[in-house]
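Line order of the protein sequences matches chains A and B.
Per the working numbering, residue 1 is the first one in the first sequence, and the count goes up by one each step.
Per the working numbering, residue 1 is the first one in the second sequence, and the count goes up by one each step.
Because the hints were derived from the structure by calculation, they are not lab data.
Predicted model, so just to flag it, every value in this text is computed and none were measured.
Do not take every clue at face value.
[Claimed, not checked] Covered stretches of chain B, as calculated for chain A (at least 3 residues, CB under 8 Å):
hint	segment
1	74 to 82
2	96 to 105
[Unchecked claim] Quick list of simulated restraints, FRET-style, between CB atoms:
hint	chain 1	residue 1	chain 2	residue 2	range
3	A	Val108	B	Glu9	44 to 50 Å
4	A	Leu269	B	Pro102	44 to 50 Å
5	A	Asp120	B	Glu130	52 to 58 Å
6	A	Ala160	B	Pro106	18 to 24 Å
7	B	Asp17	A	Asp98	23 to 29 Å
8	A	Met1	B	Gly129	55 to 61 Å
9	A	Ala272	B	Glu130	17 to 23 Å
10	A	Gly77	B	Pro102	26 to 32 Å
By construction, the Cβ of each residue, glycine as well, lies at the ideal position given by its N, Cα and C atoms.
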Amino acid sequence: MPSPLDLADLPFLREALLELVLLAITGGVLGAWIVLRQLAFFSHAAGSATFPGLVAADASGVSPMIAGIAVALGYAGGVQRAGRSGALGSARDATPRDHGEGTALLLVAALATGVILASDVFESGAVVDRLLFGTLLGLDTADLVLSAVVAALAAAGALALGRTWSAVGFDPDGAHALGLPAGHADLLLLMLVAVAAVAAIPAVGALLVTAIYVLPAAAARMLTRSIRGLVSCALGVALAEGVVGLYLAYWLDVPAGPPVAVLGAVVCLLLAVTGPRASLRRQAAA
Amino acid sequence: MNGTAVRVEQLAAGYGDEPVLEHVSFAAEAGESACVLGPNGGGKTTLFRVLLGELEPTAGRVELSGRPAYMAQTERTRLDFPVTALDVALMGTLAAGRWWLPPRRPQRDAAAAALERVGLADLAGTRFGELSGGQRQRALLARALVQDAPVLLLDEPLSGVDPASARLIAGVFDELRAEGRALLVASHDVESARSFDLVLCLNRHQVAFGSPAETLNRAALQATYGHELIVLEDGSSTRAVTVQHHDHEHES
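So that you can see chain A by itself, here it is in the shape it has in the complex (with noise of 0.2 Å):
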């Protein structure tokens, strides 16, 4: 069994914790408006949506890093949009409601196009694996930066606009009246759900950016009563997740996402299974 100190001590393992970190930090504070804005499946898609912009930026030379980016922002105004305009649901929709539609919709039409741009339009066989399944240990300080820049968004929307969000996802209808900015503030949630999920890609790939960014705060959800302390304990559950998960992987030398995810997931059954909210419904079922 190696020491955890190596974590410390060896510098790829290194970077991949600070990365961890980084995205923690990100998955803490964002995580827990995704749980309770029910943007699970956004931030799930997000990622993925941005499939055509990776392979044409590997074609063309353009970073990857800000083709993904644009497709992601793009994604999230797109997703906006057609939840507020009622494109797909009732057109008495002014104020944001659920995006799930929008959701698939926009990201059926990004892996539609992703797939003729690598199959027919260019060759893109490595964007693929990097897109779906990232790699802890091979990241440049792009990824890096792009991660502390996006902690820090993360952290200063939350600080700004934390309290319309909670008034926008407790009562939309009463937060319009309000005369709150609403829909800005649902599209900059979206946006940095969006970009969190891209800076999430280099890590641990498309398919697992809900282990960092939703596991964490669906577990602490089980645990908490206020918003404040769903933030407290989903930023400490990711962090614990992810150097935990970190470890596991250098151990069994497998990649780092897969242990994160399978811990996230265990942590969350097992609280489903046993935690507060469990005891009170079998109270009440009792």
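Since the structure of chain A is already known, use the hints to place chain B on it.
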């Protein structure tokens, strides 16, 4: 707060090409209360959305003496959201702007005072979803009170409320009128409309507007509710009862 609080002239509104409300003209003075009666789909919520500035009228004019406060129906709120009664009342302070800053002492004091006024001071720290139906309505009323608005729009504030909460809410309404605020209350309850200064009957257009004595007659109520209205006559008095499905998904 003297003078006209709300004035609506020849208002028409709808969604896309679908007109939902037409030919609506009424006014309420400061300190007056108006009950907005109508069936589901009659245009009550559409009228409120126009008054709140959420929906552009397709015709007509709306004048308000200030930004109105709005009390939504509790079923439109998320009971699983981790906010307390105090958090909900504090949301009302966001209407003053500066939504990017955390609440300060005066705002917390205002929210606490509003909760005290609706009798929820002892439950300030209780999660909204754990309050009873009547207590939730009172928490939403506290959110509206915090806004210190000259006009309050209240969407079925007594729907599903226990008698104690209903009495308390009615008492707060009287205080608000005495303070010179105008109240517009959407309701299905024809009988309770008799206690208001004014009644506006809507059924996709304005059926009647005036004092309860002028508007709450058989002809106007049947034009408003159609087959959803049952008139009970026992010789000395006449009571009108509406048969409602309470399907707010389809309400407009």
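Here is how each hint holds up against the structure:
1. 74 to 82: holds (count 5)
2. 96 to 105: Since three or more residues must qualify, the claim that chain A covers the segment 96 to 105 of chain B holds, with 5 doing so at under 8 Å.
3. A:Val108 - B:Glu9: 44 to 50 Å: Hint holds: Cβ distance 48 Å, inside 44 to 50 Å.
4. A:Leu269 - B:Pro102: 44 to 50 Å: Hint violated: Cβ distance 36 Å, outside 44 to 50 Å.
5. A:Asp120 - B:Glu130: 52 to 58 Å: 57 Å, holds
6. A:Ala160 - B:Pro106: 18 to 24 Å: Hint holds: Cβ distance 20 Å, inside 18 to 24 Å.
7. B:Asp17 - A:Asp98: 23 to 29 Å: 24 Å, holds
8. A:Met1 - B:Gly129: 55 to 61 Å: 46 Å, violated
9. A:Ala272 - B:Glu130: 17 to 23 Å: 21 Å, holds
10. A:Gly77 - B:Pro102: 26 to 32 Å: Given a distance of about 29 Å, which is inside 26 to 32 Å, the answer is holds.
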